[in-house]
Structure formats: C-alpha cells, structure tokens
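S.K.: Residue numbers (my numbering), protein chains in the order written: chain W, 1 to 297; chain D, 1 to 351; chain X, 1 to 249.
You can trust all of the hints, since none of them are fake.
Going by beta-carbon spacing under 7 Å, a handful of chain W positions derived as facing chain D:
{"id": "1", "residue": "P37"}
{"id": "2", "residue": "Y97"}
{"id": "3", "residue": "A102"}
{"id": "4", "residue": "L108"}
{"id": "5", "residue": "E119"}
{"id": "6", "residue": "L229"}
No more than 20 Å apart at the CA atoms, straight line, and that leaves these computed lysine to aspartate or glutamate pairs for EDC-like:
{"id": "7", "chain 1": "X", "residue 1": "K140", "chain 2": "D", "residue 2": "E342"}
{"id": "8", "chain 1": "W", "residue 1": "K93", "chain 2": "D", "residue 2": "E208"}
{"id": "9", "chain 1": "X", "residue 1": "K57", "chain 2": "X", "residue 2": "D71"}
{"id": "10", "chain 1": "W", "residue 1": "K93", "chain 2": "W", "residue 2": "D196"}
{"id": "11", "chain 1": "W", "residue 1": "K35", "chain 2": "D", "residue 2": "E125"}
{"id": "12", "chain 1": "X", "residue 1": "K226", "chain 2": "X", "residue 2": "D18"}
{"id": "13", "chain 1": "X", "residue 1": "K57", "chain 2": "X", "residue 2": "D18"}
{"id": "14", "chain 1": "X", "residue 1": "K168", "chain 2": "X", "residue 2": "D61"}
{"id": "15", "chain 1": "X", "residue 1": "K168", "chain 2": "X", "residue 2": "E192"}
{"id": "16", "chain 1": "X", "residue 1": "K168", "chain 2": "X", "residue 2": "E189"}
{"id": "17", "chain 1": "X", "residue 1": "K232", "chain 2": "X", "residue 2": "D214"}
{"id": "18", "chain 1": "W", "residue 1": "K93", "chain 2": "D", "residue 2": "E125"}
Just so you know, the hints here were simulated from the structure itself, not pulled from any lab data.
Values in this document were obtained by computation on a predicted structure and should not be read as measured data.
Ideal Cβ positions, reconstructed from N, Cα and C, are used throughout, including at glycine.
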Amino acid sequence: MSTTLLIDSLIRSLQAGSLYALMAVGLTLTLTVIKLPNFAHAELITVGAYTALLVSLGISAKPLIVLGLAFGVAAIVALLCHRVVYRPLAQQKPSTYTMILASFATGLIIRYILFLLAERFALFDLRIGVPQAIWLQNDWVTLTNIFFWVVPTSIALVIVLSLILNYTALGRDMRALADNLTLARIIGIPVDRVHDLTWLLVGGLAGVAGALWGIYTFVEPLVGWLAILSVFAATVLGGMTSFSGTILGAYLVGFSENVIMQVLNHYTGLDFSFKPAIPFIIIIFVLLIRPQGLKNN
Amino acid sequence: MNIDLFATTIALLTFFGISAIMALSLNLEYGVAGIPNFGQALFVSIGAYTAGWTYTRLLPLLAGEAVIDPCGSTLGQALQLRSTIMKTMPTVGLTNFVITLLIAALIGGLVGYLASYPALRLKQEWYLGLVLLVGSEIVRIVVRGYEPIICGNNGLSAIAQPFHWLRDSTLSSLLFAGLVLTVAGLVYLYCERLVRSPYGRLLKAVRENDAVATSLGKDVARIRGQIMFIGSALAGVAGVFFVVNSGYASANDYVVALTLDVWVMIVLGGLGNNRGALLGALLITILDRLTAITAIRMNMLGFQWEFNYVRYILFGVILLLMLRYRPQGLLPEPTQTTRAHEMLGAEGVAK
Amino acid sequence: MLELQNVSKHFGNLRAVDGVSLRVPQGQIIGLIGPNGSGKSTLLSLMAGTVQPSGGKILFDGHDITRQTADQIFQRGLVRSFQDPSLFFRMTALDNALLPVNAQRGERPTHAPWHHLWRQQEQTLASRAGGVLDQVQLGKQTNTLAANLSGGQMKLLELGRSLMGAPKLLLLDEPTAGVAPALAYTIFEQIEHLRATQGITFLIIEHRLEILFDFVDSLYVMHLGKVIAQGKPDAIAANAQVREVYFGE
Numbered sequence: 001m002s003t004t005l006l007i008d009s010l011i012r013s014l015q016a017g018s019l020y021a022l023m024a025v026g027l028t029l030t031l032t033v034i035k036l037p038n039f040a041h042a043e044l045i046t047v048g049a050y051t052a053l054l055v056s057l058g059i060s061a062k063p064l065i066v067l068g069l070a071f072g073v074a075a076i077v078a079l080l081c082h083r084v085v086y087r088p089l090a091q092q093k094p095s096t097y098t099m100i101l102a103s104f105a106t107g108l109i110i111r112y113i114l115f116l117l118a119e120r121f122a123l124f125d126l127r128i129g130v131p132q133a134i135w136l137q138n139d140w141v142t143l144t145n146i147f148f149w150v151v152p153t154s155i156a157l158v159i160v161l162s163l164i165l166n167y168t169a170l171g172r173d174m175r176a177l178a179d180n181l182t183l184a185r186i187i188g189i190p191v192d193r194v195h196d197l198t199w200l201l202v203g204g205l206a207g208v209a210g211a212l213w214g215i216y217t218f219v220e221p222l223v224g225w226l227a228i229l230s231v232f233a234a235t236v237l238g239g240m241t242s243f244s245g246t247i248l249g250a251y252l253v254g255f256s257e258n259v260i261m262q263v264l265n266h267y268t269g270l271d272f273s274f275k276p277a278i279p280f281i282i283i284i285f286v287l288l289i290r291p292q293g294l295k296n297n
Numbered sequence: 001m002n003i004d005l006f007a008t009t010i011a012l013l014t015f016f017g018i019s020a021i022m023a024l025s026l027n028l029e030y031g032v033a034g035i036p037n038f039g040q041a042l043f044v045s046i047g048a049y050t051a052g053w054t055y056t057r058l059l060p061l062l063a064g065e066a067v068i069d070p071c072g073s074t075l076g077q078a079l080q081l082r083s084t085i086m087k088t089m090p091t092v093g094l095t096n097f098v099i100t101l102l103i104a105a106l107i108g109g110l111v112g113y114l115a116s117y118p119a120l121r122l123k124q125e126w127y128l129g130l131v132l133l134v135g136s137e138i139v140r141i142v143v144r145g146y147e148p149i150i151c152g153n154n155g156l157s158a159i160a161q162p163f164h165w166l167r168d169s170t171l172s173s174l175l176f177a178g179l180v181l182t183v184a185g186l187v188y189l190y191c192e193r194l195v196r197s198p199y200g201r202l203l204k205a206v207r208e209n210d211a212v213a214t215s216l217g218k219d220v221a222r223i224r225g226q227i228m229f230i231g232s233a234l235a236g237v238a239g240v241f242f243v244v245n246s247g248y249a250s251a252n253d254y255v256v257a258l259t260l261d262v263w264v265m266i267v268l269g270g271l272g273n274n275r276g277a278l279l280g281a282l283l284i285t286i287l288d289r290l291t292a293i294t295a296i297r298m299n300m301l302g303f304q305w306e307f308n309y310v311r312y313i314l315f316g317v318i319l320l321l322m323l324r325y326r327p328q329g330l331l332p333e334p335t336q337t338t339r340a341h342e343m344l345g346a347e348g349v350a351k
Numbered sequence: 001m002l003e004l005q006n007v008s009k010h011f012g013n014l015r016a017v018d019g020v021s022l023r024v025p026q027g028q029i030i031g032l033i034g035p036n037g038s039g040k041s042t043l044l045s046l047m048a049g050t051v052q053p054s055g056g057k058i059l060f061d062g063h064d065i066t067r068q069t070a071d072q073i074f075q076r077g078l079v080r081s082f083q084d085p086s087l088f089f090r091m092t093a094l095d096n097a098l099l100p101v102n103a104q105r106g107e108r109p110t111h112a113p114w115h116h117l118w119r120q121q122e123q124t125l126a127s128r129a130g131g132v133l134d135q136v137q138l139g140k141q142t143n144t145l146a147a148n149l150s151g152g153q154m155k156l157l158e159l160g161r162s163l164m165g166a167p168k169l170l171l172l173d174e175p176t177a178g179v180a181p182a183l184a185y186t187i188f189e190q191i192e193h194l195r196a197t198q199g200i201t202f203l204i205i206e207h208r209l210e211i212l213f214d215f216v217d218s219l220y221v222m223h224l225g226k227v228i229a230q231g232k233p234d235a236i237a238a239n240a241q242v243r244e245v246y247f248g249e
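Next up, chain W with everything else stripped away, as it sits in the complex (with noise of 0.2 Å):
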C-alpha cells in the first residue's frame, strides 16, 4: 500500500477522531450531568451543520462567523428541548426508558423539521460556502485550510470544555452533580440553573462539530445521525462516563474507519460500503467483552 494513501488515511482519521471527540464529549456531559440517554444529540450537531450553511450562503463566508452562530443556534435549540420536554416531564418522575423515548421523538421531529425546511428551499447535499484553499503540499501530502480549521478547533473546544470542567464554579456544579445529585440538591446547588447552562453548552458543542462536519463533508438533514452511531462508539470506549476514554475512543473510531478500512479494503478486497459497520461492531465488542470501555477501574 502507497505511503500516500496511508497518510491520506491518517489525515482523514485526525479530522474524523477531533470532531468525534468534539461531538462524543457532549454526550457524555449529557449522561453523566443530565443523566439523560440522549437520543437527539445526532439532530443537534445537524442544526449546527444547517446554520452554518444557511449562515455562509446568506450572511458571512468568514469561518468564525459561521461557526460562532452555529454554536448559538445548537445552543438554544437544546436549551429549548430541555425546557418544553424533557424538564416538564422529569417532573413526572418517568423511568429512564420513557425519558429516551422522548429524546427519540424530539430527535425525529427536530429531524423531520428540517427534511421539509431542506426539501421546500432545496437545501441537499450542498456545501458550506467556506472557500478551499491549500495551505500545505509536499510530496506527500496535500493539506487544505479546512485540516486547519477541522482539528484544531475541535481539540481547542475539548481542552475548553475540559478548563471548564475543572476550573470554573460551573464546572464544579456540573461535576457535583454528576457524583451525586442527591447531594448537590442538599448543599443548595442550583440545579435547574445548570441544567440550563449545560444544555446550551452541549448544545453548542455539537452545532460547532456539525457545523465542521459539514465543512468537512456536506451537509444533509441526515448528516448527525450519520455520525451519531460513530460518536456512540467513541462514548461506549470510554466507558460512557469517562472524558478522557471518550476522546482517546473517538481518535480510535477515527483511526479504525479511515486506516483500518483501508487496510482492510487494500489487502483483503472488503467493499466500503462496509464502513458503517465498523463502529457498531465496536459497540457490540466493547459492551461484550469489557463493558467499563477504556476507562481505568
């Protein structure tokens, strides 16, 4: 196999692993924050896609404006998610299958609502309006600028949120009340306040990886659950509550997709079409054999 076509796969692994990573550790706040299985994270990061094409074909083609909108669009969708449905009906003290139910439905209607905006305004398969241009070639390898917005971004996002985590008051409301929500209630923590604030951050996570996604790729109303099935492999590897497993698993989703595929398709003739498959059976394997995932016990 070419050195060309192995580092090509490398390239495209490190941009698909930093916006898994990117689109993963959203999940996982929402998991072990919300303690909400989130079935319609995948329609976030298709908002944030969505807002970034509407915003570069409209509005500004500057990179930073797109993706700065895309996070606040993502981020209010969200926040209004949490506020119509799911906080009204965490009042009801529903079992958890009733409250993934909901996200389900929620995800499908914000889902459909963009299949009749997109069919209505011929919105399909276009590309963000980010103009391309090659920011590095040598003889073996072609970088364009979009490397240069994709991974960075993403990984500057991850450490942001990971500052935030650690750092700040929020970080440590939202770390409390992922110990113990019991507790956090007791010593007087805020807790509708930040649910609030983490469903916005959530939220804008996603709509700035969907928006990156669609620079990376195009941008369909399908686009995030697409993606989501791979964004699930990161977060099982990391054993669903653990940051650094999740991001160290979604750089491994990255890598099995692009260079194992490869790999595989190069020596042993195995179709493409065969891709999606690769993150299910990482799930399937993961959850088997070692459900804790990468995460130390």
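Knowing the structure of chain W, use the given hints to seat chains D and X on it.
M.R.: Leaving out everything else, chains D and X in the frame of chain W:
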C-alpha cells in the same frame, strides 16, 4: 380527485393488520415484559429480506425452473420469471409464501434472541435499546450498500402477494386483507392468552423488578430471551406481509422512523394492553393514510411543502403529548390480568 | 436444620458480620435481636444467598449452601421475606401470592397459550392462595393492586407470599414493622399456627421484644456483627451485657 373508497378501505385494513402485528409484538416485549426494543425496524426488515431471498431463489426452484441472478444483467429476466410464476402457478406461490413466513419467523426470532444476549452483561438496561437501535440502522445501511441480499440500493420488485394470480385485482386485495387480518387476529389471541396465563404474570414481575424475581427463583435472563424470540418472530412475520403488500423490497423502508411508528402505536393505545395495541395501530394507520391523502391533495393544490414529512413530526408530537399527559395510554393496562382471578370467583373486592 | 459456622462478611474495612455461628433446629421459632446496624439484616441476606459470605460455612438441611445463588437456595426451601415489602406493586395481591410457586406449567411459554394444560394447576394454586390470603386477613383484597394496600397489609401479603413457596424455613425480617399491636399479635399467632400445623421453622428479626419474647423458643443477640448472647427469653432478658447494649447506650 376521486378516491376509490372501497379500495382505500381495503388498503387501510391491510395496513392495519400489519401494524397490529407489529404493535402487539412490541407491546409484548416492552408493554408486558419491559424490554425496550428500539430496533423493531430490524426484525421487520428481516421478514422483508427473507421474502426477497425466497422469491428469487426458492420460488423458481419450487416451480421447477432454474434460479436466475436477480441483480445485475439478468435482473429483467429474473423479474419476469417470478412475475410469471406468481401469476400462473398459485399453489407454488402460496407454498413459497408459507415457507417464507416460517423462515422469517425463525430467523427473526433467532436474531432477537441473540440480540438479548449482550443485555445480560450490560451495566445499564437501556444499553440494549441502544444496541438494537444502532443494529437496525447498521443492517439497513449494509444491506443497502451490499448487493447480494436485495440488490443493494435498487431493491427487488415483483414480490407479489399470494393472491396475485386472481384476475380481479379487487378480489385479490380483499383476500389478502382477509389473510392479514386473520393472522393479526390469531396473533392477538395468542398474545392475550400469553398475558393471561402464569407466564404473563411472570413477565410482569420481570418487568417491574427483576432482582426480586430472581430471588424468587425465576430465570430472568432466559425469560427475556424467550420474549425477544417470540416478539422478533412476530415482527418478522409482519415484515413478510409488509413487503408482499407493497410488492417491493427496499432497505429504505426500514428506517428508524418505522420503529418510532410502532412505539407511538403502543404508547397511544396503552402500554401493556393488547387491545390498546390494536387501538393504537388502528388510529395511527388511519392518521397515516389521512396525511398521505392530504399530502397528495395539497401538492395538487400547489402547496409547496412536502407534507409526508409532517407525518413524522405529527407522530413525534403525539408521542410526546402522551408521555407527558397520559402515559398509561388510551386503554390503560387492566389490573387483574391473569385467569387466576376469575378462578377464585367473586371473593375479592377490587378497590 | 440451618447451621452457620463462623460466617463473616466484610465490606472493605467494615465488618458487617464477624464470625457468627448459630443453629436453628427444625420446627423451632428462633429470634434474632440487636440494636440497629448490628448486622442482622446482612446475616439474613447471607443465609438467603443474595449476598456471598467473605468467610465461613452455611449448612441447610445437611447441604452446604455457602456458595449457592439466591434462586437455588429458594428452591431448597429456605425463603426470606424482606424488610421493605418487595412486592410487585403493579400486580394484584393474588398474583403476588401466586408468583413464587415453583414448577408452574403455565409459566412455560410453550404451554402458556393452551390453558387446558395448566388450568387445573392454576385453579388449585388459586384456591390455595385464596386460603393463605384469608389466613393473613387479606381475603377481601385478592383483586387489589399491591400498591393500593396499606403498609400493614403489605407486610401481611409479604408473609402470605412467603408461605406459598412451601418453605421449610422462613427468614422473617421485622414482620410486624409498621403494624398495629393487635395485628402484630395476630401475625405472631399465625406464625405459631404455621409452625404447629405445617412444621415450618422460623428465624425472625424483630424489634418488638415484648411480643417476640412470648413466642420464640430461643434468641440470638447480635452487636457490631458478633453474637454476644444466646438462650431462652428469660435468660436473655436478665443478661447484663444485653441490657447494656440495648439500654446503656
């Protein structure tokens, strides 16, 4: 626009019958036994893919003909062959259909049983729901991209229903509707009997508190496996009916939205209540057809929005409203479910 | 009938049960008392198999059940009722009583849809359950959802349910907690009646010493995971160490 009322009613009843089987299956799995099956689309699709396989590989053999590759260059020939067989050899068609039902039930059941295995070791119970949801999507994507099963993205057409050979198409639809409703009725009776028996009592115990059930000596893991087998087998049967009804097997029919549909049916109708499942299936089928007809009407009137998507949004909203305001459904689960209560006579006074 | 030999249970540094040895002879009613946190409930869990011992041996009916699981132990006839009613609240009292019975033909999915295969058995069991529920004064509540019963009635249902499993030895964890004194006496009279007519052996954790002392053959007293005294009620009542542990704190 003229809507042929008779034809529409028959179509509606057929869809209702198929939906009823799916709803009863999910009600058994979740409503009664508490297993969250978020991958129903998968088991329904197994029925469809089985039919795709039997209609292209088995049917010719039963008719004494050679098997022609249904995909690729011989696509037209293969299609012609099965069309001809279904139109001219009714007994062969019927035999093939019955065999398809049996195989679909078996494979669907086995896959369901295997899928419940990971659940045994999972830290949280909802992981099973996740695995099934993800699994149903993966299978759909792989089948769509990988040719041999149903010719990839092209799908397979001319998967005809067993009464197709009748020259009168209204009669043929009517008979098929009758068949579907009969099977749905049998499934209902079966589910009712199951729920009213000691086994039903066992399922409800496992649903509510599997730790206590275990301490009472019940093998919870095995019971869950059994229910997944039964439920998934039923879903597979529904899948066969589904695909021969439309005549066309395509992976895209088994999207996650199908799973949502069935969940809306049982939540609307009433969790844990078989009659509720039927009611939910009926209401959702009617709603579904109404939105389809409205969509056509609106498009003809120049309305620019694709109304079919509204259907999913509507169902999602119904589900959310039910969960919030009436989680027990329209027909709540009855309190005295097992026959034992009748056997004891009028001694107990219900509070 | 039941024998514990130097049984221990550690949770990390905590010694919930520390080298306990005791014997419950067949057909007797044995009491287990002690202040809160002395390890009584844990001891019962160890006997019933829901918790595995860190050390020691447990023998039931001559068999070593130390490493057996809860459902295996249940099948052998060692039945435990829980402190918090572990009833199925979404099922009726009758269904709750019928559930624990073993070897029900109707519980097999292959037999369940054909009710002529299990109708007879279910009828017999239903009558038996009706009788048991009558005995614990729940005869009129057979069709009531367990969630709709009062706290005391739930306790009685719990007791009744334990009886359906045809137990040889019943471990009762505070069977009269939250129950009016008159009813508490009735419960114990029931226990005595069951011992006399069915030969069931009982090991009972109870805080209402005045009632317990009237019914038990002998007592074990636990404190901080150890057995500090055993003997007949009178002897225990006079035991200085027991009095200190109970009243001197």
